[in-house]
Amino acid sequence: MPAKTKSSTQKHAAVQTPQEEVSTREMILRRSLELINTKGMVDFRIDTLATSLGLSPGNITYHFSRKEDICVALWEQYLEEYGKVVRSLTTLLDIKQLYLLNRINIHLNYKYRGVVVFRSADLGAMRRDLEAGRVNEDEHFAISRRVMTLLGQNGYLEKSATKEIIEGTHIYHYIMMRWCINFAYQAYTPEEVEAKLDYLALMSLHALYPTLSQKGRDEFAEILSKVSADNLSGDRPVK
Numbered sequence: 001m002p003a004k005t006k007s008s009t010q011k012h013a014a015v016q017t018p019q020e021e022v023s024t025r026e027m028i029l030r031r032s033l034e035l036i037n038t039k040g041m042v043d044f045r046i047d048t049l050a051t052s053l054g055l056s057p058g059n060i061t062y063h064f065s066r067k068e069d070i071c072v073a074l075w076e077q078y079l080e081e082y083g084k085v086v087r088s089l090t091t092l093l094d095i096k097q098l099y100l101l102n103r104i105n106i107h108l109n110y111k112y113r114g115v116v117v118f119r120s121a122d123l124g125a126m127r128r129d130l131e132a133g134r135v136n137e138d139e140h141f142a143i144s145r146r147v148m149t150l151l152g153q154n155g156y157l158e159k160s161a162t163k164e165i166i167e168g169t170h171i172y173h174y175i176m177m178r179w180c181i182n183f184a185y186q187a188y189t190p191e192e193v194e195a196k197l198d199y200l201a202l203m204s205l206h207a208l209y210p211t212l213s214q215k216g217r218d219e220f221a222e223i224l225s226k227v228s229a230d231n232l233s234g235d236r237p238v239k
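Per full-length UniProt numbering, residue 1 is the first one in the sequence shown, and the count goes up by one each step.
Bear in mind the hints are in silico, worked out from the structure with no lab data behind them. All values reported here derive from a predicted model rather than from experimental measurement. One or more of the hints may lead you astray.
[As the list claims (entries may be wrong)] Capping the alpha-carbon separation at 30 Å, the derived lysine-lysine pairs in DSBU-like fashion look like this:
1) 196 / 215
2) 84 / 111
3) 111 / 159
4) 196 / 159
5) 96 / 226
6) 84 / 163
7) 196 / 84
8) 96 / 196
9) 215 / 159
10) 215 / 111
11) 215 / 226
12) 226 / 111
13) 84 / 215
14) 163 / 111
15) 39 / 215
16) 39 / 159
17) 226 / 39
18) 67 / 159
19) 111 / 96
20) 39 / 67
21) 96 / 39
22) 163 / 215
23) 84 / 67
24) 67 / 96
25) 96 / 84
Work out the full structure: start from the sequences and follow the hints.
Below, the structure is given as structure tokens:
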């Protein structure tokens, strides 16, 4: 937890109940995410955050000493939500389930776009967290390989596909997912992205198509038909 600064505000905050502290902290994180998503980390300021919440800067620094500490807390929040997506992977994975998982993943990355972009594009942040970044990438690749293994075991990949082909396909799928996420950042507003999630999730699956068995292609065609007919429900707007 970020180091707390000593101030008169801190003395007042110290008498708050734990529930009030958590509530204030969550309020700070929610508003911070909105501001970071809108302005980016460079223009995100503690005093602006405090004013927007009707608090003094001391109320903010009681919970987070620096704006970077807020970013770290939001990043951990993102990883926790991402972990829930990963844990939903089952041995019964099929193309439809993968489509839904990709859709949720794109939605989640867009929800935390300001934090994700800063952590993955700011040289200072990347160098400070180099080891954590390596671990994170290793985990992403391990998940992607597990997806390919499960699809193969469940008959959704061509039996003739070699290990080299499957490895290349998993890398292509990973790259396509990153491309779809980055495209959403650049091309769509929060109001627009809701209606594009089905399209983006489907696009990410194109990486798998050359390696899919007939069973896999049939499910892909079913998803394509529903997306083309706009017959899949969207998420709530991403703020």
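Against the structure, the hints:
With a C-alpha separation of about 26 Å, the suggested pair residue 196 and residue 215 falls inside the 30 Å cut-off, and the hint holds. Between residue 84 and residue 111 the CA atoms are separated by roughly 15 Å; this keeps the pair inside 30 Å, and the hint holds. Simply put, residue 111 and residue 159 have alpha-carbon atoms about 38 Å apart, too far for the 30 Å limit, and the pair is violated. Among the hinted pairs, residue 196 with residue 159 is inconsistent with the structure: their alpha-carbon atoms are about 33 Å apart, more than 30 Å.
A C-alpha spacing of about 11 Å is found between residue 96 and residue 226, which places the hinted pair at or below 30 Å, so the restraint holds. A threshold of 30 Å between alpha carbons decides the hint, and for residue 84 with residue 163 the separation of about 29 Å falls inside it, so the pair holds. In summary, the hint linking residue 196 to residue 84 is supported, as the alpha carbons are separated by about 23 Å, within the 30 Å threshold. Taking the CA atoms of residue 96 and residue 196, the gap is near 17 Å; set against the 30 Å cutoff, the hint holds.
Proximity of residue 215 to residue 159 is assessed by CA-CA distance (about 11 Å); at most 30 Å being required, the pair is judged to hold. As the CA atoms of residue 215 and residue 111 are separated by approximately 33 Å, the hinted pair breaks the 30 Å bound. Taken as a hint, the residue 215 and residue 226 pair is honoured in the structure, with Cα atoms around 17 Å apart against an allowance of 30 Å. A C-alpha spacing of about 25 Å is found between residue 226 and residue 111, which places the hinted pair at or below 30 Å, so the restraint holds.
For the hint linking residue 84 to residue 215, the alpha-carbon distance of about 28 Å falls within 30 Å, and the restraint holds. A distance of roughly 35 Å separates the Cα atoms of residue 163 and residue 111; the hinted pair therefore is violated under the 30 Å criterion. A hinted pair counts as satisfied when its Cα atoms are at most 30 Å apart, and residue 39 with residue 215 does not qualify at roughly 46 Å. Between residue 39 and residue 159 the alpha-carbon distance is near 49 Å, which puts this suggested pair outside the 30 Å criterion.
In summary, the hint linking residue 226 to residue 39 is not supported, as the alpha carbons are separated by about 36 Å, beyond the 30 Å threshold. Restraint check for residue 67 and residue 159: not satisfied, since their Cα atoms lie roughly 52 Å apart, outside the 30 Å limit. At most 30 Å may separate the alpha-carbon atoms for a hinted pair to count; residue 111 and residue 96 meet this at roughly 23 Å. Of the supplied pair hints, the one linking residue 39 and residue 67 holds, its CA atoms being roughly 13 Å apart against a limit of 30 Å.
At most 30 Å may separate the alpha-carbon atoms for a hinted pair to count; residue 96 and residue 39 exceed this at roughly 36 Å. Note on residue 163 and residue 215: the hinted pairing holds, with a Cα-Cα distance of about 20 Å set against a maximum of 30 Å. Between residue 84 and residue 67, the direct Cα distance comes to roughly 26 Å. Compliance with the 30 Å bound is thereby established for this hinted pair. Between residue 67 and residue 96, the direct Cα distance comes to roughly 40 Å. Violation of the 30 Å bound is thereby established for this hinted pair.
Among the hinted pairs, residue 96 with residue 84 is consistent with the structure: their alpha-carbon atoms are about 18 Å apart, no more than 30 Å.
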